[in-house]
Every structure is written in structure tokens, then in C-alpha cells.
Amino acid sequence: MRTLEEVQATLEIAKLKEEDLQKTIHCLSFGENVSSADYCLMELDDTLVKHIEAGQSLVIRGDKDERAVLCSGDKTYDLKIADTSNMLLFLPGCRTPDQLTNSQESSHVVHTQIWGFCNSYWELRKQRPKLKKLKKLLMENPYEGPSLGGKEENTENRYTMQDLLERIQASEEELKAHLETIHACQIDGYMRVLDFDYEMKLLGHVTQLVDSESWSFDKVPLKTSLEELGPLEPKEMIEHCLNCYGRRYTENDEVFYALHEDRVCQGVALLLLQNAVKFNLREFQEVWQQSVPDGMSTRLEQLKSVALLDRTSRPETICLLRVEDLPEDTLERFNHLFTLREKWTEDDITPYIQDLCGEKQTTGALLTKYARSSMQNGIKVFNSRRPVAT
Amino acid sequence: MVQILIRGSVDGSSVPEWLLLELQGEMVPRHNSGLAGNVMGDLLYTKEGVPVLIVGHHILYGKQVKMEKPFAVLTKHSCHSQVSLTSHDNINNRDDVTQVPMETNQQGPTATSYSVSAVIKRKLIFKTRPKPIITNVPKKV
Numbered sequence: 001m002r003t004l005e006e007v008q009a010t011l012e013i014a015k016l017k018e019e020d021l022q023k024t025i026h027c028l029s030f031g032e033n034v035s036s037a038d039y040c041l042m043e044l045d046d047t048l049v050k051h052i053e054a055g056q057s058l059v060i061r062g063d064k065d066e067r068a069v070l071c072s073g074d075k076t077y078d079l080k081i082a083d084t085s086n087m088l089l090f091l092p093g094c095r096t097p098d099q100l101t102n103s104q105e106s107s108h109v110v111h112t113q114i115w116g117f118c119n120s121y122w123e124l125r126k127q128r129p130k131l132k133k134l135k136k137l138l139m140e141n142p143y144e145g146p147s148l149g150g151k152e153e154n155t156e157n158r159y160t161m162q163d164l165l166e167r168i169q170a171s172e173e174e175l176k177a178h179l180e181t182i183h184a185c186q187i188d189g190y191m192r193v194l195d196f197d198y199e200m201k202l203l204g205h206v207t208q209l210v211d212s213e214s215w216s217f218d219k220v221p222l223k224t225s226l227e228e229l230g231p232l233e234p235k236e237m238i239e240h241c242l243n244c245y246g247r248r249y250t251e252n253d254e255v256f257y258a259l260h261e262d263r264v265c266q267g268v269a270l271l272l273l274q275n276a277v278k279f280n281l282r283e284f285q286e287v288w289q290q291s292v293p294d295g296m297s298t299r300l301e302q303l304k305s306v307a308l309l310d311r312t313s314r315p316e317t318i319c320l321l322r323v324e325d326l327p328e329d330t331l332e333r334f335n336h337l338f339t340l341r342e343k344w345t346e347d348d349i350t351p352y353i354q355d356l357c358g359e360k361q362t363t364g365a366l367l368t369k370y371a372r373s374s375m376q377n378g379i380k381v382f383n384s385r386r387p388v389a390t
Numbered sequence: 001m002v003q004i005l006i007r008g009s010v011d012g013s014s015v016p017e018w019l020l021l022e023l024q025g026e027m028v029p030r031h032n033s034g035l036a037g038n039v040m041g042d043l044l045y046t047k048e049g050v051p052v053l054i055v056g057h058h059i060l061y062g063k064q065v066k067m068e069k070p071f072a073v074l075t076k077h078s079c080h081s082q083v084s085l086t087s088h089d090n091i092n093n094r095d096d097v098t099q100v101p102m103e104t105n106q107q108g109p110t111a112t113s114y115s116v117s118a119v120i121k122r123k124l125i126f127k128t129r130p131k132p133i134i135t136n137v138p139k140k141v
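Respectively, the protein sequence lines represent chains A and B. With the first letter of the first sequence counted as 1, position 300 gets the number 300 in the working numbering; the numbers rise by one all the way through. With the first letter of the second sequence counted as 1, position 111 gets the number 111 in the working numbering; the numbers rise by one all the way through.
If we strip away everything but chain B, and leave its shape as in the complex, we get (with noise of 0.2 Å):
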């Protein structure tokens, strides 16, 4: 049997709250170089309050909402030995049970486990569809 632990709080600090932002369909990049590093858009909010995606040439006006089930967000760590937990990582938080070793059933020694980098509770959508922005406009009409 395999048990996989997700860690709550790595060094006892309390969990950030991130923002999530939801767009309908996919991004590709540009040039075929990959997401990492580039820049995706940029986001503004009006006075009233609501956010405005513009991403490429389009424009994408959004609504901010609280989520009905948060979200977490959980970094996988792969172990290459056996890793044990002390007894302040155990689930209660109990004294007698001190060590939980964290073992696969699978030959090789990696160990996975998780920690939760964050917690999500408000999201910003946007779900209209986008309006292109026309860049080749003469200033003068």
C-alpha cells in the first residue's frame, strides 16, 4: 500500500493565498519558444472594479469571484531515499506515533510526496469572448 503525504505547512508558516485567473481555450506562444520567461499580457482593473485581460491583440473583460471550493496548490517532491517524518509533520499532530516512514511498493527508491505552496480562494474569470484590438489604426481619421 502506498501513502503519499501531503504536507501542510513545510516550516510552520501559514499558507499564502494566491489568485487564480481562468481563461476559456488555450495559449500557445509566439514563436514556438515555449511559455517559460515570456510575457503573457497585461491586467488592469476599471475604477468600477473589473478586470481587463489584454493578451496579444485582444481584450478580455472578466468578473472577480470567490470560489465555492477553494483550491490548493500542491508542489510534488520526489525523494530519492526513504523519507522519514518527525512527529510535529504527523497528521494529528500526536506525540506517541512519531515516525510515519513514506514507502512505494515500487522497486527503485523514489518516494513522492506534496506540500501545499498555496491556497486559492477568489478567481478572476473571463469568460467572454475576447475583441480584437486593431493595432494599424491612422491617428488621424
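Bound conformation, chain A alone (with noise of 0.2 Å):
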């Protein structure tokens, strides 16, 4: 251990004064753990550094074959590794010149270690979470309603709250999200889809209830409708049923739901078309009005995302499109799209790209770096910028 002499000899040789300097002098040596490599540095953001702060964790998820990511509570986030050309040492008990009292008289040496030392780092970037597996995963055994007639329910491929955490790579809120968004719900403790079919003979019980009842869109009873539809169907399927096609309020201490008329317009367009190839434009905007519960309208950008339109066919058509059926990958989903289409319109594309977007990133920088522009009929249109058989 070096000495204050010793300190004070080195300084007369590089010719410091002891006048110009501060009175502590750090002096710095390896710790006994340095060359164990049990250690490494992770670049954080804002939101993670109070993250760590309160002592809450993180966690790495991912399988042999998937590159790893960090998962806040809510976020996730791409993990890479940096290098440097620097050498990055670390010292737990050193202290900068503001944090130096200058109450001492004389120069004094302090004895620091140099904890460890890395020339890489952890590199962090916030990423939306890869969530195509966790449909994929649900729809292996979907939810076709209470089994019939003795018939034994498959029981096999259903997956906890906890087995999808294992599994997909994402936050523990975003996988709750995106349960919400396919309108999965807990059923014996296993995390379900619905049969689409199911899904929809739920929605027409409902609807057809308000018919008969002539109630409100807007003011669905909670209490009668699971008292009148009991009979037909569980009373948790009804109240998932309502939760996904309504708002839930309460009013004089009495629960009820207002339906959004989009999500039902497009849950019975949904039901119509996956029947079919492609329709008829007309013809399938005359039985969709038709189909809707009474007093609902049907518009077409009720279909935003979920189907696609062709004015340019005659007679136009309509066929089913889903984004979420579309390749997770930026550069997979492009080359899919202008494989089904080659040039596409900035609405017609918009839709099908919108989740691809990162933070702060805009559909239109997407299609800078992944399309091309001409302009054809007057109107901007964009391909792909590689060749792609259609």
C-alpha cells in the first residue's frame, strides 16, 4: 500500500504542487476479484435506472434459438453486446470533487479499489415485444364453448399466465395487452382464445337480447343479460363476451355496457368473410348492413386492418386481410404485402404496417427505408424495392 510519501514523491517528480490540488488523494488498486469475470455493465435508460432503483428486477427471456431480450415489468427491450476500445474500470468507493469536503488541513491518501473493469457492455433498445407466438400458441387448442353432451374437452395444449411468460418474449403487461386485444380470458386457470364461431354466436345472443328487449346500445344491462342468457351459455363467456364488444360503466350502482358499433360491424364482416376467397363489394356491403344488429351502421373503415379492398378490379372486391395473421419481421411483413399486392397506396398500406412502427418512428419513415414511390393515375404509390413475384 503506497505510502502519503511515497504519493507526495510521485507528485514532485510529474511536477504537481501540492498548492494546486485537492487534499485527498485517491489511490487506486485492483480488487482480488477483477480477473474473475462474474461480472458485466448494462447500458440503462431513464425508466430503468428508477426501475433499479426501487429494487424491483429485470429479466432475460428467450429460447436457444431466439436472440435474448430484457423485460422490464412493462417494456422490452433488445440485448446486444458493445464493444469499446476504452477500458471502463469501476470503483465502489471513489469520490468526485464535489463530493470532497474540504475540512482537511493536509494532504491524505485513501485507498480505493478498482472493483472491476469490462472493455464491452450490455447494449439496451426498447422494443415492441414479439407477440405473433402468443396467438399461435392459444389458437393450438381454442375454447369452443362448455363441452356437449358428455363429449370429453380437450384438455391438452392449454397454457397458464405463467407458461406464456415462459415462452414469449415479452413484458409481463404488454402480454397481458395483447391478451386483451385478441379477447383471450382465463377459463379453469388456463389462459383461452375463443372459437371464432363461439365468439360470434356469444355476440348474437347478446344482440339479439337488446333486440327483443329494445334496449339502448348504450345501456346494456349486466345483471339481466347474464340472468336471461344463463340458460344458454356460461355466465362468465357472456360477461367476457360483453367486456370485448362493450364499455363497462356503472350507474346507480348498476353495471351496464355500451357497445362499440365498430367492433361489433367488424366482428359480423369478420364472420361473413372468412367464408369466402373475396366478395363482391356491393354485394357484401348490402348483407353486412343487413346482418348488423338493427340500428347499427356499417362503414368501411370499421375494416381497417383486417380486410383489404381492390377498386381497381370490376367489379370491386373485398377480401379478408388481418394484420395480425402478417409475418412479426419488418422486411417478412413488406415482402408479404407486395407479394399479395404490388403497388399499394399509402391508406391501403398504412393499416398493415402501423404496428412495425418503434418509438417515435412514423409509418411513413417505414416506407421510406422499406418501399419505393412512383406516382401512377396522379396518386403516390409504393413497391417494393427488391423484385418480388406477385
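Hints listed in this document are in silico derivations from the structure and should not be mistaken for laboratory results. Warning: the hint list may mix true and false statements.
What the hints assert, rightly or not - Label-pair distances were calculated between CB atoms; the ranges are:
no.	chain 1	residue 1	chain 2	residue 2	range
1	A	47	B	58	35 to 43 Å
2	A	53	B	131	35 to 43 Å
3	A	120	B	127	15 to 23 Å
4	B	58	A	163	51 to 59 Å
5	B	77	A	4	34 to 42 Å
6	A	340	B	25	48 to 56 Å
7	B	61	A	181	50 to 58 Å
8	A	328	B	131	48 to 56 Å
9	B	77	A	6	32 to 40 Å
10	B	112	A	313	55 to 63 Å
11	B	131	A	4	22 to 30 Å
12	A	223	B	79	47 to 55 Å
13	B	129	A	53	35 to 43 Å
The model shown is predicted, which means the values in this text are computed figures rather than measured ones. Just so it is clear, CB atoms sit at the ideal spot from N, CA and C, and this is done for glycine as well.
Two chains, each in its own frame: build the complex with the hints.
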């Protein structure tokens, strides 16, 4: 251990005057642990710093063939190792000039340990969570309603919330939000998606009841709905259907739902569209309006990101195209879209690339990067940057 | 699928803040004895607060910088059995998830986890070319 005299001798040789210096001198030496490589550095953003200072934990998730991601409670980050040509040493007991008290009269040495050093660190980049796998897993065994007439319910391929957390590269909050988006619910402790026909059957019960009771769509009473429909379907399922297609509120201690016109109309459209490859647009619009509950209005805007219109064909057509069925990777998504259709207008393509946007990224920026634009009949259209077989 | 936990606070105490020293180049121990236990150099501050580092026979001047992206120092732990976490280690500190078994897909019983040993928000960076200190200067000129 160096003594004050040794340090002062060094200062003299280095031609540093003690009167120009602060009184505390840190004498740095390497700790015993330094070469053990059982530590590393990880870069943080402001959110993560607060997270860690609050004592909360993080999880790294990934399968052997996946790239690792880091998850906090509600965010997902891409994890990469960054090399630097600089040496980074970390010192637990070292103070900076603003932290030193100048009350010391004379120079003194503080022996400070270098706890470790690195020349690389983990770099984090916030990214959208990989959630496509979630629907894929849950579709292995969609819930078709309570088992009928003694038929055994399929108990294979069911996943609890915990199972899903172990398989999906996303934070818990993001996972839950997506479960809500795909209308999943918990049945017997397992997270299940509903078979689409069953989901529509439930919705049909609800809308028929609203019609026969002459209720307003904005004021569907929960209690009466459960009483009237309970004999037909499990009460939890009726309530789940109302939660998916309506907004819950309380008035005078009673629970009501305001049905979402857009969601109901979209549901009915999906039911019609899934039965054919393409529909004549005008015929479809007629059937669609007739099929939705009396008093609700259909609009093509309700079908953004679930159906694609072709206004260039004669007659005009419409077909099912759901964004959640498309590839998750950005480049693959664009390739797929350009395979379906060579040239897209911005209005048509935007609903199908909206979910690809990272933080502070716009669809315009994505189009600039992944597509080439040109003018066609006075309208700006986008096509692939590379040859794609249509 | 592997889940590796990074524990925020091991015993509920707050995470300490350490200082980072950033140097250009590599450090090589003088006698090939390894770095552990050896003296590295002296760190001083001028009255104006400029950090000065004397390493071997070099002197470097640096500056103190607040880091745009702070670092966390993570310490690795390898356990030779399946580690179960109790609810207060859970990410969201919720009560209904009590056990998060830590398993790896590999055959063999080791499970890896990390804990945050410190947070680093400020650094002393030495970017200027080191100046040599000439040691055998005769005292009298």
C-alpha cells in the first residue's frame, strides 16, 4: 500500500504542486475479484434506472434459437453486446471533487479499490415485444364452449399465464394487453382464446337480447343479460363477450355496457368474410348491413387492418386480410404485402404496417426505408425495393 | 425457453452508486503477475476540479462527465440447483404469482442469475494523450 510520502514523491517528480491540488488523493489498486469475469456492465435508460433504484427486478427471456430480450414489468428491450476500445473501470469508494469536503487540513491518501473493469457492455434498445407467438400458442386449442353431451373437453395444449411468460418474449404488461386485444380470457386457470364461431354465437345472443328487450346499445344491463342468457351459455362467457364488445360502466350501483358499434360491425364482417376468398364489394356491403343489429351502421373504415379492398378490379372486391396473421418481422411483412399486391397506396398499406413502428417512428419513415414510391394516375403508390413474385 | 433473472435489490437496501473511470487503451501488469491486488495509480483533483491520473510514468488529465446512459454493474451468480423465488422477488411485486422457477434448457443443474451491485451515473474520462513523467531529472540544474 502506498504511503503519503511515496505519493508526494511521485507528485514532485510529476511536477505537480500540492497547493494546486485538492487534499484527498485516491490511491487506486485492483481488487481481488477483478479477473474473475463474474460481472458485466449494462447500459440503462432513465426508466430502467428508476426501476432498479426502486429495487425491482428484470428478466432476460429467450429460447436457444431466439435473440435474447430484457423485460421489465411493462417493457421489452433488445439485448446486444457492444464493444468499446476504451477500458471501463468501476470504483465503489471513489469520490468526485464536488463530493469531497475540503475540511481536511493536509493531504491524505484514500486507498480505493478498482472492483472490476470491462471493455464491453450490454446495450439495450427498446423494441416492440414479439407477441405473434401468443396467438399461435392459444390457437392450438381454442375454447369452443362448454362440452356438450358428455363429450370430453380437449385438455391438451393449454397454457397458464405463467406458461406464457416463459414462452413469449415480452413483459408481463405487454402480454396482458395483447391477451385483451385477442379477446382471450381465463378459463379453469388457463388462458384461452375463443373459437371465432363460438365468439360470434355469444355476440349473437347478446345482440338478439338487446333487440328483443328494446334496450339502447349504450345501456345494456349486465344483471338482466346474465339472467336471460345464463341458461344458454356460461355466465362468465356472457360477461366476457360484453367486456370484449362493450365498455363497462356503473350507474346508480348497477353495471351497464355501452356496445362498441365499430367492434360489433367488424365482428360480423369477419364472420362473413372468412367463408370466401373474395367478395363482390357491393354485395358484401348489402349483406353486411343487413346482418348487423338494427340501429347499427356499417362503414368500411371499421374494417381497416382486417380486410382489403380492391378498387381496381371490376367488379370491386373485398377479402379478409388480418394484420395479426401477417409476418412479425418488418422485412418479411413488407415482402408478404408486396407479394399480395404489387403497388399500394399509403392509405391502404398504413393499417398493415402501423404495428411495426418503433418508438417515435412513423409509418412514413418505414415506407421510405422499405419501399419505393412512384406516381400512378396522379396518386403516390409504393412498391417493393426488390423483385417480388406476385 | 430460458428466463434469467436480474435481481434489483438483494436485501431491500438501496443500490449504491459507483464511479466509472474510462481510459483509452489497455492496461498491462508490469511483471506479468496479473492485475489483482496490484496498484494501478494515483487519482488526484486540481483545485478547479480537473481529475489527474498518474499511472506508471504517465500523467493524464481528464474530465468529469454525467453519463447520458447510466450503467448497472451486474454480478453473475451460478447456482447448482433450481432456484425458486418468493413473491417479493417477483417483477411486479404482485401477490398472486408466488413462484417463478428458474430453469434452463440445458442438461445439468446450474442456473444463472444476476444481481445489480451498483448503478453508475458519472464517469471520469481520460481522453488526452498521456504525458510521460521523466523520473531521472537531476535535482540541480
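For each hint, the structure was consulted:
1. 47(A) x 58(B): 35 to 43 Å: holds (40 Å)
2. 53(A) x 131(B): 35 to 43 Å: holds (39 Å)
3. 120(A) x 127(B): 15 to 23 Å: Because 19 Å falls inside the window, the suggested range holds.
4. 58(B) x 163(A): 51 to 59 Å: Roughly 57 Å apart at Cβ, these two residues keep to the hinted range, so it holds.
5. 77(B) x 4(A): 34 to 42 Å: With Cβ atoms ~39 Å apart, the hint holds.
6. 340(A) x 25(B): 48 to 56 Å: holds (55 Å)
7. 61(B) x 181(A): 50 to 58 Å: holds (56 Å)
8. 328(A) x 131(B): 48 to 56 Å: holds (55 Å)
9. 77(B) x 6(A): 32 to 40 Å: holds (38 Å)
10. 112(B) x 313(A): 55 to 63 Å: holds (57 Å)
11. 131(B) x 4(A): 22 to 30 Å: holds (24 Å)
12. 223(A) x 79(B): 47 to 55 Å: Because 53 Å falls inside the window, the suggested range holds.
13. 129(B) x 53(A): 35 to 43 Å: Given range 35 to 43 Å: holds, Cβ gap about 37 Å.
The structure meets every hint from the earlier list without exception.
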